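Fit chain B to the supplied structure of chain A, relying on the hints for placement.
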Amino acid sequence: MSARIFPVALVVALGAAGYGCQGNLQGPPEPNVGSGGAVSGNLTPEQVLASPACVRPAPGSAPLRRLSNAEYRNTVRDLLAQVPGIGPAVTSATADFVEEAESLGFRNNVDFLGVSSLVAQGYLNSAEVLAPLVAENAEAVGCSTADAACAKQFVESFGKRAFRRPLGPEEVARYSALYDKAAAKGYGFQTGVEWIVFAMLQSTQFLYRVELGAAKGQDFAPSAYEIANRLSYLIWQSMPDQALFDAAERGELSDKKQIEAQARRLLADPKAARLLEYFDQWLDLDRLSALERDGEVYPGIAANLPELLRDETHAFVGSLLQSPGGSLSELLTAQYSFLNAELAQHYGVSGPQGSAYERVEMPGRAGILTQGMLLSHDKPTRTSIVRRGLKVRLDLLCDKVPAPPNNVQLNLEGLGSGLTQRERLEQHRTDASCSGCHTLMDSIGVVFEGFDAVGRARTVDESGKPVDTASTISATRDLDGPVADTAQLAQALANSQAVRDCYVAQSFRFFYGRDYTAADQCSMAQLLIAFRDGQQSLSELIVALSQTDQFLYRPAPEAL
Amino acid sequence: MKRLDRRTLLRGGAGLALSLPLLEAMLPSASAQAADTPRRILFEFKANGDQTARRFSATGETTFAFGEFLAPLEPYRSDLLVLNKLSRRYNLLGDKRSDGHQQGGASLAPWESGEGSYPIGGKEGVTIGYVLGPSADHEIGTRVLATNPGVKYRHLVYRVGQKNNDIWNMHSHAGPVGTQNPVQPETDPYAAYSRIFSFGSDDAAAQVEIEKRLLKKQSALDLVLEEAGSLQTKLGRADQARVQQHMDALRDIERTLSGDNGAAGCLPFDLGTKLDPYKDDNHEAIGKLFQKISVLAFACDLTRSINFNWSGNTSNRVYRNLGLDEGHHDISHDSSDEAFVKIRAIHKHLWTMSTSLYEALKAVPEAGGTLWDNTLVVHWNELGQGDSHSENDALVVLAGRAAGHFNLGRYLDFQNKLTMADMLVSCFHYMGYGDVLKWGDDRLNDGAPLPGLTA
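If you're matching them up, the sequences are chains A and B in order.
When you read off a place in the first sequence, starting at 1, and then add 177, the result is the number in the working numbering.
When you read off a place in the second sequence, starting at 1, and then add 54, the result is the number in the working numbering.
These are calculated hints, taken from the structure and not from any lab test.
It cannot be assumed that every hint is accurate.
Cross-link-like lysine-lysine pairs, in silico, BS3-like; alpha carbons within 25 angstroms at most [claimed, not checked]:
id: 1; chain 1: A; residue 1: 329; chain 2: A; residue 2: 358
id: 2; chain 1: B; residue 1: 492; chain 2: B; residue 2: 471
id: 3; chain 1: B; residue 1: 346; chain 2: B; residue 2: 328
id: 4; chain 1: B; residue 1: 266; chain 2: A; residue 2: 362
id: 5; chain 1: A; residue 1: 393; chain 2: B; residue 2: 402
id: 6; chain 1: B; residue 1: 266; chain 2: A; residue 2: 358
id: 7; chain 1: A; residue 1: 337; chain 2: B; residue 2: 288
id: 8; chain 1: A; residue 1: 329; chain 2: B; residue 2: 346
id: 9; chain 1: B; residue 1: 333; chain 2: B; residue 2: 402
id: 10; chain 1: B; residue 1: 288; chain 2: B; residue 2: 217
id: 11; chain 1: A; residue 1: 448; chain 2: A; residue 2: 434
id: 12; chain 1: B; residue 1: 346; chain 2: B; residue 2: 288
id: 13; chain 1: B; residue 1: 416; chain 2: B; residue 2: 139
id: 14; chain 1: B; residue 1: 217; chain 2: B; residue 2: 416
id: 15; chain 1: B; residue 1: 346; chain 2: B; residue 2: 266
Computed far set for chain A versus chain B, every beta-carbon distance over 10 angstroms [claimed, not checked]:
id: 16; residue: 240
id: 17; residue: 243
id: 18; residue: 276
id: 19; residue: 346
id: 20; residue: 366
id: 21; residue: 389
id: 22; residue: 395
id: 23; residue: 426
id: 24; residue: 427
id: 25; residue: 467
id: 26; residue: 481
id: 27; residue: 530
id: 28; residue: 536
id: 29; residue: 577
id: 30; residue: 595
Predicted, not measured: the structure shown is a model, and the values here were computed from it.
No residue lacks a Cβ here, since even glycine has one placed at the ideal position from N, Cα and C.
This is chain A alone, in the form it adopts within the complex (with noise of 0.2 angstroms):
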């Protein structure tokens, strides 16, 4: 690796492409390092790890994290595996709860997971439908006495995973009252077990990811469980399995090797596809399902793209996570996907027979660019080169846009019918107020008109003009140039390292569920490296992220 690495530092300087985009169109300023250490400037990463900042380890903050709502549906499927059918029975108890407010693309981010009295009730109404289900279940019971002294033994066999750690004699006491207080009632023991259940699913213990901290010599870090849950969290989005509670009860998560070696143990599990969720987030993938698209337009689309769409990425991006030389640049520049049948007809290519999706060639194809990821921001009738544009510039070079000015016609879409859309926009760029700001979108956004709306490959647009995909990209660090079609667009983008250093911090956003701020300079160096290192392979980051200053530390406790 050669080209000197832009060290992130990160803050929410990253990119600011064209700020305030009139006739100026240099590059983005250059990250700097942040202040939060003795150092500035910019710096390779090895250079901030070698500076007085980073000598000892230097954890950014580590908020009190509450389940997301896909940390919460897979903690309770992993939690009751040993009721029959729990699956649905999760999904179908969950489903009124309100998505979560986005930051950064992202539905995790700690500051938006505040519980309101909708997302209280929410958890209520799931306990309530999910007790039950434990209390009939002798094997998810796992005493048979049906007395006080079976149901202190519940308390404290399903409480340590449900808390995900063993729980203090007080707290076994306070739930032990809770059926005592059912029984005299006249309420019988399964109906006590229930009450157990429906409130420890509703306990701040179970819905927060809580974390105390312990010295760990002249640091503090997070206790043997505690990075037991940041490791299942990190790489399954649920809770503990039994392995890593018995880890964490032997003390055997202390050093990073032993932390490394459970990650790629959790790695290899089938669990590990719910990392899925990331993708889902970051591309947009969750968004598919609002796809509208117009039946005259597009006649005879599968009433179920959007779920074909989503499950030829899920199979794409699994495969590259599956292997460890599943790189960042083969997800943009890879010439092949992953089809059914189904979906093979609906891109016109031959191959696969079954619902099953199977590695097809697909020449002229650019991975996840040419993927569904562009396509949910299309429209009912077109493509949206200004969209398309918009995704990259955000997500994959995590450059910023500014806002269009008030108070001027802002027209993107009426000048000039009987032009293609790239021409109405070139014209619309002779206003100088619009120009410097939709160049940063409208010179990526063109490249992707060999697609259509709906994804299939194509040489004239919409009104049955010719494509013209050549376009000339300005205003980004080190991918300035002209490109003539989706492939070398993405080998541009595969070569860039504002992308990847981009993927690098959409990864720490989502995974460390907050953004990044100079007092991360440490740990964001430490992963750029590791990325590098790894040549830029997606799981080995997964691997990094759990052995970064942040992750195995915490920051020393305010004074309370």
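Below, chain B without anything else, positioned relative to chain A:
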């Protein structure tokens, strides 16, 4: 005739429960209730601006005439107060905002935007965030709860058609001032209905089961609250605040666990065949269900503040029912005459649907009149006109007899000299909170309610 008691039956849902059926004798006598009939407010949002020059064909205070897309309001004109050309003054917020849709969408919470959530607009080098303070619907609801122990819900927040939540489509905020705390709306009317209403039966066995559920819930909430309090003592300040918010939410739920209501019109209704709430083609049916739920919530006095949205702002709904094939937001950015024909058609459709809310309010008897007499509907939009993201020229229509607070049947042109925030102050005054002289950022306020509105 002897008045019958309405036995409250808690079916065990968190919501209110009522016995059935409603008999004539159960209706309250009009004279007894008139004095303390509650005042209600419902904010109703439509997206993407309209066409400012075509709103009215005549603009005299009492001789005004609605233009094409406002024409559905004509039969109600004597119960309306039309406020044209209010400003938002968001230019004064400098870079503490994103685009006109985003900040205009926060018109009920006219505070600066914070940082950290979306890379469009805002200050150089930082991303823009949610607004930094509560919305009027939330504050009004909080004030109502403080003095009305029988009211169960601070406010209800509904949005038609969109499940995801972002800095554009969230129009209700919990605050406090200085804090980004958007309130997620309910988007599924079937879930929203069953959350707050549960109409029980008189069956004795059912009553036993209800009491058991109630005890379970109360016992669990007690435990969880005690445990959360204990957790708080071990946390840093920011995390304490997170847990505190959670505890406050649990107390909100406790408030809803029991209670009764015997108001006329507090009756269940059939929600009909379940439709997908997120399909554009279902927006009218889903919106009307939310209207009926809103009216019923008022009738049962479950809440007095509702934030209802026909969509998020920047909505790109396709109105196929109007023969359109492009999204609303896309159309709104086209300045051609043909595009404005479509914009007018969309708004005429939306205003027609608004009048079904009026009719639903008028259909519920209360205190010798109907709910319409004691309700204010505040119609608003995030923009004046869509193709220019105009922050000025806001149109607000106040509808409903609103307990006689306003001098109705008039058109007022504010020439962009006074603001949406001032309008919200007028809403606080209507609700009885005359101490409120500004709502939101100082720069967006003039320190008084809008002049000339009241009776």
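Okay, the hints, checked on the actual structure:
Note on residue 329 of chain A and residue 358 of chain A: the hinted pairing holds, with a Cα-Cα distance of about 13 angstroms set against a maximum of 25 angstroms. Restraint check for residue 492 of chain B and residue 471 of chain B: the C-alpha separation of about 16 angstroms stays at or below 25 angstroms, so the hint holds. At roughly 15 angstroms between alpha-carbon atoms, residue 346 of chain B and residue 328 of chain B fall within 25 angstroms of each other, so this suggested pair holds. For the hint pairing residue 266 of chain B with residue 362 of chain A, the CA-to-CA distance comes to about 9 angstroms; that is within 25 angstroms, so the pair holds.
Taking the CA atoms of residue 393 of chain A and residue 402 of chain B, the gap is about 67 angstroms. The hint is violated against a cut of 25 angstroms. Taking the CA atoms of residue 266 of chain B and residue 358 of chain A, the gap is about 12 angstroms. The hint holds against a cut of 25 angstroms. About 20 angstroms separates the Cα atoms of residue 337 of chain A and residue 288 of chain B, which keeps this hinted pair within 25 angstroms; it holds. Distance check on the hinted pair: residue 329 of chain A and residue 346 of chain B sit about 48 angstroms apart at the alpha-carbon level, beyond 25 angstroms; violated.
A distance of roughly 21 angstroms separates the Cα atoms of residue 333 of chain B and residue 402 of chain B; the hinted pair therefore holds under the 25 angstroms criterion. Restraint check for residue 288 of chain B and residue 217 of chain B: not satisfied, since their Cα atoms lie roughly 36 angstroms apart, outside the 25 angstroms limit. Our distance criterion of 25 angstroms between C-alpha atoms is met by residue 448 of chain A and residue 434 of chain A, whose separation comes to about 22 angstroms. Annotation: proposed proximity of residue 346 of chain B to residue 288 of chain B is violated, straight-line Cα distance about 46 angstroms (limit 25 angstroms).
Proposed proximity of residue 416 of chain B and residue 139 of chain B is contradicted: the alpha carbons are some 29 angstroms apart, above 25 angstroms. Under the criterion of a C-alpha separation no larger than 25 angstroms, the hint pairing residue 217 of chain B with residue 416 of chain B is inconsistent with the structure, at around 30 angstroms. A hinted pair counts as satisfied when its Cα atoms are at most 25 angstroms apart, and residue 346 of chain B with residue 266 of chain B does not qualify at roughly 31 angstroms. Taking the minimum C-beta to C-beta distance to chain B, about 6 angstroms, the non-interface status of residue 240 of chain A is violated against the 10 angstroms cut.
The non-interface label for residue 243 of chain A is inconsistent with chain B: the shortest C-beta to C-beta separation is roughly 8 angstroms, within 10 angstroms. Some Cβ of chain B comes within 10 angstroms of the Cβ of residue 276 of chain A; the nearest lies about 5 angstroms off, and the non-interface call is violated. Listed as outside the interface, residue 346 of chain A is consistent with that label: its C-beta sits roughly 13 angstroms from the nearest C-beta of chain B, beyond the 10 angstroms cut-off. At roughly 15 angstroms, the least C-beta separation between residue 366 of chain A and chain B is larger than 10 angstroms, which holds for a residue marked as non-interface.
Consistency note on residue 389 of chain A: stated as away from chain B, yet its beta-carbon is not over 10 angstroms from all of that chain's, at 6 angstroms minimum. Interface exclusion of residue 395 of chain A from chain B stands, the closest Cβ pair being 20 angstroms apart, more than 10 angstroms. Against the 10 angstroms criterion, residue 426 of chain A stays outside the reach of chain B, whose nearest CB is about 22 angstroms from its own CB. Residue placement check: residue 427 of chain A keeps its beta carbon more than 10 angstroms from all beta carbons of chain B (closest about 25 angstroms).
Against the 10 angstroms criterion, residue 467 of chain A falls within the reach of chain B, whose nearest CB is about 7 angstroms from its own CB. Distance to chain B confirms residue 481 of chain A as a non-interface residue, since its nearest Cβ pair spans about 14 angstroms, more than 10 angstroms. The claim that residue 530 of chain A is not at the interface with chain B holds, since no C-beta of that chain comes within 10 angstroms of its own (minimum 32 angstroms). Annotated as non-interface, residue 536 of chain A keeps its C-beta farther than 10 angstroms from every C-beta of chain B; the closest such distance is 32 angstroms.
Taking the minimum C-beta to C-beta distance to chain B, about 4 angstroms, the non-interface status of residue 577 of chain A is violated against the 10 angstroms cut. Even its closest Cβ contact with chain B, about 13 angstroms, leaves residue 595 of chain A beyond 10 angstroms, as expected for a residue assigned away from the interface.
In the structure shown, a violation is registered for the earlier hints numbered 5, 8, 10, 12, 13, 14, 15, 16, 17, 18, 21, 25 and 29, in ascending order.
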